[in-house]
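Student: Going line by line, the protein sequences match chains C and S.
Under the numbering used here, the first residue of the first sequence carries the number 3, and numbering increases by one thereafter.
Under the numbering used here, the first residue of the second sequence carries the number 86, and numbering increases by one thereafter.
There could be a bad hint or two in this list.
Said to hold, decoys possible - The calculated DSBU-like cross-link candidates involving lysine-lysine, where the alpha carbons are at most 30 angstroms apart (straight line), are: (1) 121/S <-> 56/C; (2) 94/C <-> 110/S; (3) 110/S <-> 91/C; (4) 87/S <-> 84/C; (5) 87/S <-> 32/C.
Said to hold, decoys possible - If the Cβ cut is set under 7 angstroms, some of the chain S residues that face chain C in the computed set are: (6) 88; (7) 92; (8) 97; (9) 98; (10) 100; (11) 103; (12) 111; (13) 112; (14) 116; (15) 120; (16) 122; (17) 124; (18) 128; (19) 131; (20) 136; (21) 145.
If you are wondering where the hints come from, they were derived from the structure by calculation, not from laboratory data.
We treat Cβ as the ideally placed atom computed from N, Cα and C, and that holds for glycine.
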Amino acid sequence: MKKIFLICVILFSLLFNSACPKKVEKTFRKASEASANLSIYGEKLIQANIDAFKAKEISFETFELLNELTRKFVEGVKIYEKALDEAEKLIKENGGQAPVGTLERLSKIFSAEVADKFTAILAKFKLISGEQSEAIKTAVAGINLAILAIREAFAGTRDIQGGFNYEMV
Amino acid sequence: MKWSEIAALVRAYAQAIAEGRIEAKQIAEMTDEQLKAFRKEKLSSLEDKQREAEDLADTES
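The shape of chain C in the complex, shown without the other chains:
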């Protein structure tokens, strides 16, 4: 009876120690696709800010405020992209399986470096519902949608510890 219990424990830990390859692949693909959208809408937002300022639709103060937001956003996306590459490398080295904790750490990096900062500033400046140009509102909404897609991809990620090291840059 003890032996059977022990075998069950070993099998269980083998099965759940790393996330299922198909799920990992799917999560990764979703996070990767949404990451491309982050850069696309980010560029649109910066362009919309430049255009609105040049057309005198917004003041220099508002232009600078948005510049500050996009500066932080670009830095965050760079960190997340780097983490995405590192995690992908680890998964490949591990035969398509995510070493324990990899996806959760990636999710944490995304939240800390991109999502939380962006949504905090978004709430502060009422970028979508305030007196901004339509192009700015659309680009901000696009970034928000990409953030939601990445959060959804990482939702339910099971693995908890280990994986690659995350250092703030």
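Once you've looked at the hints, dock chain S against the given chain C.
Tutor: The following block gives chain S in isolation, referenced to the frame of chain C:
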């Protein structure tokens, strides 16, 4: 939140979804390697655009 603000929110999200539909389809059809290269390209464009905005701010201040 005012009704006008809610309407602005709905409009912005609807527009973003409509604008992103074609790109989303193209991205979904890419292989993993193509997607990786595409991500790099877009990140590089994003950085270039931010530099452009910084230069404009420096010129204006």
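Student: So, for every hint listed, does it hold in this structure?
Tutor: Evaluation of the provided hints:
A distance of roughly 34 angstroms separates the Cα atoms of residue 121/S and residue 56/C; the hinted pair therefore is violated under the 30 angstroms criterion. Only pairs whose Cα atoms come within 30 angstroms are accepted, and residue 94/C paired with residue 110/S is accepted, the gap being roughly 26 angstroms. Pair hint residue 110/S plus residue 91/C holds up; C-alpha atoms about 26 angstroms apart against a cutoff of 30 angstroms. In summary, the hint linking residue 87/S to residue 84/C is not supported, as the alpha carbons are separated by about 40 angstroms, beyond the 30 angstroms threshold.
Between residue 87/S and residue 32/C, the direct Cα distance comes to roughly 34 angstroms. Violation of the 30 angstroms bound is thereby established for this hinted pair. Taken as an interface hint, residue 88/S does not check out: its beta carbon lies about 11 angstroms from the nearest beta carbon of chain C, beyond 7 angstroms. Contact between residue 92/S and chain C, as hinted, is not supported at the beta carbon level, the nearest pair being about 9 angstroms apart and thus beyond 7 angstroms. Restraint check, residue 97/S versus chain C: the minimum CB separation of about 4 angstroms is within 7 angstroms; hint holds.
The interface hint given for residue 98/S is met, as the beta carbon of that residue sits about 5 angstroms from the closest beta carbon of chain C, less than 7 angstroms. Annotation: interface hint on residue 100/S holds; nearest CB of chain C at approximately 4 angstroms, less than 7 angstroms. Violation of the interface hint for residue 103/S is found here, the shortest Cβ-Cβ separation to chain C being roughly 9 angstroms, above the 7 angstroms cut-off. The restraint placing residue 111/S at the interface with chain C is violated, with a minimum CB-CB distance near 10 angstroms, outside the 7 angstroms limit.
For residue 112/S, the suggested interface contact is upheld, since its CB lies about 5 angstroms from the closest CB of chain C, less than 7 angstroms. Below 7 angstroms, beta-carbon pairs count as interface contacts, and residue 116/S has none with chain C, the closest being about 11 angstroms; its hint is therefore violated. Hint status for residue 120/S: holds, given a least beta-carbon distance of 6 angstroms to chain C, under 7 angstroms. The closest approach between the C-beta of residue 122/S and any C-beta of chain C is roughly 10 angstroms, which is over the 7 angstroms cut-off, so the hint fails.
Because the smallest distance between the Cβ of residue 124/S and any Cβ of chain C comes to about 5 angstroms, under 7 angstroms, the interface hint for this residue holds. Among the interface hints, the one on residue 128/S holds; its C-beta lies about 5 angstroms from the nearest C-beta in chain C, closer than the 7 angstroms criterion. The closest approach between the C-beta of residue 131/S and any C-beta of chain C is roughly 5 angstroms, which is under the 7 angstroms cut-off, so the hint is satisfied. Because the beta carbon of residue 136/S sits about 9 angstroms from the nearest beta carbon in chain C, more than 7 angstroms, this interface hint is broken.
Taking 7 angstroms as the C-beta contact cut-off toward chain C, the hint placing residue 145/S at the interface holds, the least distance being around 6 angstroms.
Comparing the model with each earlier hint shows violations of hints 1, 4, 5, 6, 7, 11, 12, 14, 16, 20; every other hint is respected.
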